[in-house]
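**Student:** This is what each chain is made of:
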Amino acid sequence: MTNNIIEIKDLHFSYNSEDKKPSEVLKGINLDIKEGEFVAILGHNGSGKSTLAKHINAILLPASGKVFVNGIDTSDENRLFELRQCAGMVFQNPDNQIVSSIVEEDVAFALENLGVPYEEMRKRVDDALKAVNMYDYRLHSPAQLSGGQKQRVAIAGIIAMRPKCIILDEPTAMLDPQGRREVMGVIRKMNREQGVTIVLITHYMDEAAQCGRVVVMDKGKVILDNTPRAVFSHVAEMKKIGLDVPQVTELAWELKKAGIDISTEIITEQECVDMLVKLLNK
Amino acid sequence: MLKDITIGQFFPGESIIHRLDPRFKIVITLVYILMLFTGENFICLAIGAFFTIIAIVMSKIPLKMFIKSIKPIFPFLLLTAILNILFVRTGDVLFEWRFIKITVDGVNISVFMIIRITLLIMGSSLLTYTTSPITLTDAIERLLSPLKKIKVPVHELAMMMSIALRFIPTLIEETDKIMSAQKARGAEIDTGSLMTRAKNLVAILIPLFVSSFRRADELATAMECRCYNGGEGRTRLRQLKSTTKDYVALAIAIAFYAAAIVVNIIMK
Chain A
1 MTNNIIEIKD LHFSYNSEDK KPSEVLKGIN LDIKEGEFVA ILGHNGSGKS TLAKHINAIL
61 LPASGKVFVN GIDTSDENRL FELRQCAGMV FQNPDNQIVS SIVEEDVAFA LENLGVPYEE
121 MRKRVDDALK AVNMYDYRLH SPAQLSGGQK QRVAIAGIIA MRPKCIILDE PTAMLDPQGR
181 REVMGVIRKM NREQGVTIVL ITHYMDEAAQ CGRVVVMDKG KVILDNTPRA VFSHVAEMKK
241 IGLDVPQVTE LAWELKKAGI DISTEIITEQ ECVDMLVKLL NK
Chain B
1 MLKDITIGQF FPGESIIHRL DPRFKIVITL VYILMLFTGE NFICLAIGAF FTIIAIVMSK
61 IPLKMFIKSI KPIFPFLLLT AILNILFVRT GDVLFEWRFI KITVDGVNIS VFMIIRITLL
121 IMGSSLLTYT TSPITLTDAI ERLLSPLKKI KVPVHELAMM MSIALRFIPT LIEETDKIMS
181 AQKARGAEID TGSLMTRAKN LVAILIPLFV SSFRRADELA TAMECRCYNG GEGRTRLRQL
241 KSTTKDYVAL AIAIAFYAAA IVVNIIMK
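The listed protein sequences derive, respectively, from chains A and B. Just so it is clear: in the first sequence, position 137 is 137 by the working numbering, and no numbers are missing. Just so it is clear: in the second sequence, position 210 is 210 by the working numbering, and no numbers are missing.
Hints were generated in silico from the structure; no laboratory data involved. Worth double-checking, as some hints may not be accurate.
Stretch-level coverage of chain B by chain A, calculated; a stretch enters the list once three of its residues show a Cβ under 8 angstroms from a Cβ in chain A [stated by the list, open to error]:
1. 159-172
2. 221-232
3. 237-245
Computed cross-link-like contacts, BS3-like style, restricted to lysine-lysine with a CA-CA straight-line distance of at most 30 angstroms [as the list claims (entries may be wrong)]:
4. B:LYS149 - B:LYS241
5. B:LYS241 - A:LYS123
6. A:LYS130 - A:LYS66
7. A:LYS240 - A:LYS9
8. A:LYS27 - A:LYS54
9. A:LYS239 - A:LYS278
10. B:LYS241 - A:LYS130
11. B:LYS71 - A:LYS123
12. A:LYS256 - A:LYS164
By construction, the Cβ of each residue, glycine as well, lies at the ideal position given by its N, Cα and C atoms.
Turn these sequences into a full structure, and let the hints steer you where they fit.
**Tutor:** Structure follows, in structure tokens:
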């Protein structure tokens, strides 16, 4: 037995379209994610990262290969709700995932569906709202909230199910910088304090840099899988598939190209500053 | 600008009428409507009016709101009155000129109809003024739940209704955005004849429809992710509890109804 919460084995998937030949989106993905990990999945548009995410939650089922979440085969229909309770999913547009016109009732939606009794539900809803710092807004209408607040409500709706793992599909793409900070703060807190496994799909490099592990996808394949530091040092490779690296990493890379002796394994501004100071003092 | 539109006519408050169980409020309103329609004379209407006035005073909602609720049906009231005056030909003649003949009965019936409809509107407005649309939907779902046995999709209807309520502000906001975007591209929405304006609306409605379908698709996925599986075995966060005051209110309404019936029988 392993402590892998997500196991993806040789996953293939293609979308069927009427006019064209089916196009293969995922071409043999192998990926294991351990319990409590904080993983970012990076990739260009059309790299298959969202499709991969939808497999973890059994919204899509593999054409071939297997996906296991907490030991549950995603193609096992009998355990579908158990699976979805275990692996919650948050989407890009907060407006399109909020069901109710009252914040606390939306957070309760999943629990209502699962038939959780009232006392238990009340407690879990309040806990979830407190975890995302939205308790004071519990009786508001979502229409009165900002984008970041709405996304936090959507996250609370998932947290209320007490999942072991949360998959977030570009949760900050539609938010302003303030909203992004709030949402990232909540996600990191969930991972650190509750040990919830996080799979964060993003195209913001600075968000990926905050994760413990970065998986880079291109054209339906995993091409890099390592710590952020190691992944972002592959500057040329990242650029080739149309991805950026954090600005500081790029600066170091350019300096190195210009013949200056500097490590490209830096991802934070502070590291960059230290490195440059050291270099100038030489 | 569009954002200011309020949904329904809910007037938030903390009065005893606001705090009544919405299910009871609906039933009481139905009893009230029955009372108005069983009443055949002015005494019955007076009983109805008395009931309405007490309820309005207790709800602490300004009277001008109720006057506003009558306004849209005013032409209809007027028409009913005129038709009754002209076409009721029994009773003592008050005035006669060529084919027009106005009788005491005609006048009586018109006044009676006006009061009855006015009371009807005021009473049912009180329900929507004191109950938020979402609570109302919830209460209707629970009241109709026995119909599930004969395969009426009560839960599904209520779910659709509440999602519609939830998305009204979102869609209004979106309409605003599309209008600005189309204006920025030179579309003339606020000018021109009625026909051109109607035609130009297409430029707003089509993007709105397309995006609504996309929203619907995403919402459906998000609901599935949260284990939505229809109405079976669902529990609810919102608990509707009926207390003594609800039963008392219902008893009072039924007492008024009984009084109207008694008056009807005596006056016959």
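**Student:** Straight-line Cα separation of LYS130 of chain A and LYS66 of chain A no greater than 30 angstroms?
**Tutor:** 36 angstroms, violated
**Student:** Is LYS239 of chain A close enough to LYS278 of chain A, meaning Cα to Cα at most 30 angstroms?
**Tutor:** 28 angstroms, holds
**Student:** Between the alpha carbons of LYS241 of chain B and LYS123 of chain A, is the straight-line distance 30 angstroms or under?
**Tutor:** 19 angstroms, holds
**Student:** Is the listed coverage of the stretch 221-232 of chain B by chain A valid when you require three or more residues with a beta carbon under 8 angstroms from a beta carbon of that chain?
**Tutor:** Holds: 9 residues of the stretch 221-232 of chain B have a Cβ under 8 angstroms from chain A.
**Student:** So if I understand the rule, the pair passes when the alpha-carbon distance is 30 angstroms or less; does LYS241 of chain B with LYS130 of chain A pass?
**Tutor:** Satisfied, since the Cα-Cα distance of roughly 26 angstroms is no more than 30 angstroms.
**Student:** What's the verdict on LYS27 of chain A and LYS54 of chain A, does the C-alpha distance respect the 30 angstroms limit or exceed it?
**Tutor:** Holds: LYS27 of chain A and LYS54 of chain A sit about 15 angstroms apart, inside 30 angstroms.
**Student:** Would the pair LYS240 of chain A and LYS9 of chain A pass a check requiring their Cα atoms to be no farther apart than 30 angstroms?
**Tutor:** 27 angstroms, holds
**Student:** Is the listed coverage of the stretch 237-245 of chain B by chain A valid when you require three or more residues with a beta carbon under 8 angstroms from a beta carbon of that chain?
**Tutor:** holds (count 3)
**Student:** What's the verdict on LYS256 of chain A and LYS164 of chain A, does the C-alpha distance respect the 30 angstroms limit or exceed it?
**Tutor:** 42 angstroms, violated
**Student:** Has the given pair, LYS149 of chain B with LYS241 of chain B, been kept, meaning a C-alpha gap of at most 30 angstroms?
**Tutor:** Holds: LYS149 of chain B and LYS241 of chain B sit about 23 angstroms apart, inside 30 angstroms.
**Student:** Please verify the coverage claim for the stretch 159-172 of chain B: does it have three or more residues whose C-beta sits within 8 angstroms of some C-beta in chain A?
**Tutor:** holds (count 6)
**Student:** Check the hint pairing LYS71 of chain B with LYS123 of chain A against an upper bound of 30 angstroms on the C-alpha distance.
**Tutor:** 47 angstroms, violated
Of the numbered hints given earlier, the model fails hints 6, 11, 12; all others are met.
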